[in-house]
Each structure stands twice: as C-alpha cells, then as structure tokens.
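Each residue of the sequence shown is one higher than the one before, starting from 1 at the first, in the UniProt record's numbering.
These are computed hints drawn from the structure, not numbers from a lab. Please note that the accuracy of each hint is not assured.
With a straight-line Cα cutoff of 20 Å, these simulated SDA-like cross-link-like pairs (lysine to any residue) come out [said to hold, decoys possible]:
| # | residue 1 | residue 2 |
| --- | --- | --- |
| 1 | Lys231 | Ile260 |
| 2 | Lys219 | Lys170 |
| 3 | Lys244 | Gly283 |
| 4 | Lys207 | Leu180 |
| 5 | Lys227 | Arg261 |
| 6 | Lys170 | Ile260 |
With beta-carbon atoms standing in for the labels, derived distance ranges [stated by the list, open to error]:
| # | residue 1 | residue 2 | range |
| --- | --- | --- | --- |
| 7 | Thr273 | Met1 | 42 to 52 Å |
| 8 | Thr273 | Pro105 | 44 to 54 Å |
| 9 | Glu24 | Gly211 | 41 to 51 Å |
| 10 | Asn17 | Phe155 | 35 to 45 Å |
| 11 | Glu49 | Asn104 | 30 to 40 Å |
| 12 | Lys25 | Lys102 | 19 to 29 Å |
| 13 | Asn143 | Gln237 | 25 to 35 Å |
| 14 | Gly211 | Ala91 | 15 to 25 Å |
| 15 | Ala96 | Glu204 | 31 to 41 Å |
| 16 | Phe155 | Gly283 | 41 to 51 Å |
| 17 | Gly28 | Asn197 | 47 to 57 Å |
| 18 | Pro146 | Ala175 | 11 to 21 Å |
Every residue, glycine too, gets a C-beta built ideally from N, C-alpha and C.
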Amino acid sequence: MGLVHIVFGQSSVPVLNEAVAMDEKMSGELLCFEDDLSVGPLFILDTKEGRAGRKQFWMQLAGVALPAITAAETETPAAPVTPADEAPEDADRFQALKAQLKENPDLEVWIWAGQNARDVCGYYWLVSQLYDFAGRIHIIYLNNLPFLNEKGAVFYPTHLHQILPKEFLKAKKLARAISLAEYELDGDEWHRLMNENAGIRLLEGGKKIKGEPTLFYDKELLAQSGKEFVKAWRVVQQVTGKLKYPVMDQFLGWRLKELIREGKLESKGELKTIRDFEVKLPGENTPAENTENPHTV
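Go ahead and model the full structure; you've got the sequences and the hints to work with.
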C-alpha cells in the first residue's frame, strides 16, 4: 500500500517529514499545497477563469508600487513574483494526485489539518473533488487536541508546525476515512465558500468557516498606527499578536498599502515588503518634525 501525506503550507513540511522518518508505517510521499485559501477570491475557482483571478490577487499582494494592478495587467496576467504566487500550481499538483490514485488502487491519502482557517479551507477544497476515491482518503484533524511541548507541558496547537515530530506518531492514530456524508456536506460547504467569495475566511471552531470582508482588519491596523512613523512590520505584529488565529503578514501588509492609497495612512519608504516602509496617521506631524523624530526600530 502506498501513502501520500497532504499538508497546506511549507511551514508544516519539516516537522511532518521528520515524523514520517521516525515510523516506517507512515512512510510515504509528502504533498504540500501552497495556496492559502483562507484569504482572497474563491469565486468559480474550479474554472480556468477563477484560478486566473486568484493568481491576480496574489500578484496584487506582492505589488511593489501603488496602484498595484492595472486594467492591462488584469487582461494579461504577468508571471508570479513571490513564493505565495504558486497558488495556480496547486491545480497541477491536484491533477497529478488524481492520476496517482487512478493508477494505484492501493494508494491512500492522509490529509493533515490543524485548527486554523487555512488548513480547513484546504480540506474543503480537496474533499469536494475526491468523492470517486471514497474509502482511500483519510483526515487527521487536530481539532482542540492536547499535545506536549518541548518542556513536557500540555498545550493546544492551532498549526501543525507547532507540534513536535514525535507527537505526530500519536496523532496518526486519529486517521479515519472521510465518510460519504462528509463528501456531500463538506463538498457543499466548499461550493458555499466559493459562491460567498468573501475577502477573508475565519475559523469559528470545529470546521465552521465564517466569511468577512477584505477590510475586516483595517480598523485594527489603523488603531495600531500612531502620530509618528512606525515600521509597518511592527504594526502588523501588534495586530497579529492579538489574534487567536494569525493572518498572513503579506495580506495585512497589502491592507496597509491600500489604506495608504486611500489616504487613511501616510507612508515613508518603499512600498515593498512590510520591512521596507513606515506608516502613521495622516496630518499629525509636519515634514520637519518627521525628519527630527527617530524611526521606531
């Protein structure tokens, strides 16, 4: 019997690779899907047009200048420019997985998911397309489960990369085949998420995903900005530090750039990554004062 382990995002790869190496019964291929489906457009993602629109979204987040996207670029998408832009390649990875499952009737799939929106949305996306292989697709959802950390203390991880490799050997016992009812219900949930097409998706508990508008975190980003210039990465860090489920730094950095474009924030530096520019609330200081005040490090 062959085995394919699936994770969502590169941060989960090292720990699971190490865990697999510890137990020959877990030996198999590790497949990582790169796109973070908890943010950005999902509408008609099962079509070429939908995937092109999503690729454009990632290009917008990776933009080095404002405005990030022009009409001409929308008609003819350019090549991806950051690792996050590998999203469209997930479709190719999935087609290769289906081909493997068809060629090898004994092949099984284990989907590993932590208690976070990225993993749960990724699970919904996969399960909506794997009905033909029912009985061979397993889920290991580490939902509200206790694990031991490096000091031997109990904690409740939200992401796979927080778990020690040896702890995965216990978690493997939770692997179970996805039921026919789940294929139907969770497949319907994926189509709901696509049709809702929210800007971001938050995990409310269990596998319940709630959609929110793209500007959901704008208010908090503004609240963490002050009268003097502060590094954009620090503003993002202060926002994510308050969240139970962290949001991508790249997404919040893009929202800061949008707030700058809308005149709700002022900036200094190049609008590239969040380490390249600073922000402050508009109209609080004069240019002369700005040059006298030291930057926040």
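Right, here's what the structure says about each hint:
For the suggested pair Lys231 and Ile260, the alpha carbons sit about 14 Å apart, so the restraint of at most 20 Å is met. Taking the CA atoms of Lys219 and Lys170, the gap is about 41 Å. The hint is violated against a cut of 20 Å. With a C-alpha separation of about 33 Å, the suggested pair Lys244 and Gly283 falls outside the 20 Å cut-off, and the hint is violated. The suggested pairing of Lys207 with Leu180 holds, with an alpha-carbon distance near 17 Å, which does not exceed 20 Å.
With a CA separation close to 18 Å, the supplied pair Lys227 and Arg261 stays within the 20 Å bound. Taking the CA atoms of Lys170 and Ile260, the gap is about 48 Å. The hint is violated against a cut of 20 Å. Separated by about 44 Å at the C-beta atoms, Thr273 and Met1 satisfy the suggested range of 42 to 52 Å. Judged by the Cβ atoms, the range 44 to 54 Å given for Thr273 and Pro105 holds: they are separated by roughly 47 Å.
Between Glu24 and Gly211 the beta carbon distance is about 42 Å. The supplied range of 41 to 51 Å therefore holds. Our hint of 35 to 45 Å for Asn17 and Phe155 is violated, since their Cβ atoms are close to 22 Å apart. Taking 30 to 40 Å as the suggested C-beta distance range, the pair Glu49 and Asn104 conforms, at roughly 32 Å. Take Lys25 and Lys102: their Cβ atoms lie about 25 Å apart, and the range 19 to 29 Å holds.
Taking the beta carbon of each, Asn143 and Gln237 are about 27 Å apart, inside 25 to 35 Å as hinted. The hint said 15 to 25 Å for the Cβ distance between Gly211 and Ala91, and at roughly 22 Å that hint holds. The beta-carbon spacing between Ala96 and Glu204, approximately 33 Å, falls within the hinted interval of 31 to 41 Å. Look at Phe155 against Gly283: about 45 Å separates their beta carbons, and that is inside 41 to 51 Å.
Range check, Gly28 to Asn197: about 35 Å between beta-carbon atoms, so the 47 to 57 Å window is missed. Our hint of 11 to 21 Å for Pro146 and Ala175 holds, since their Cβ atoms are close to 18 Å apart.
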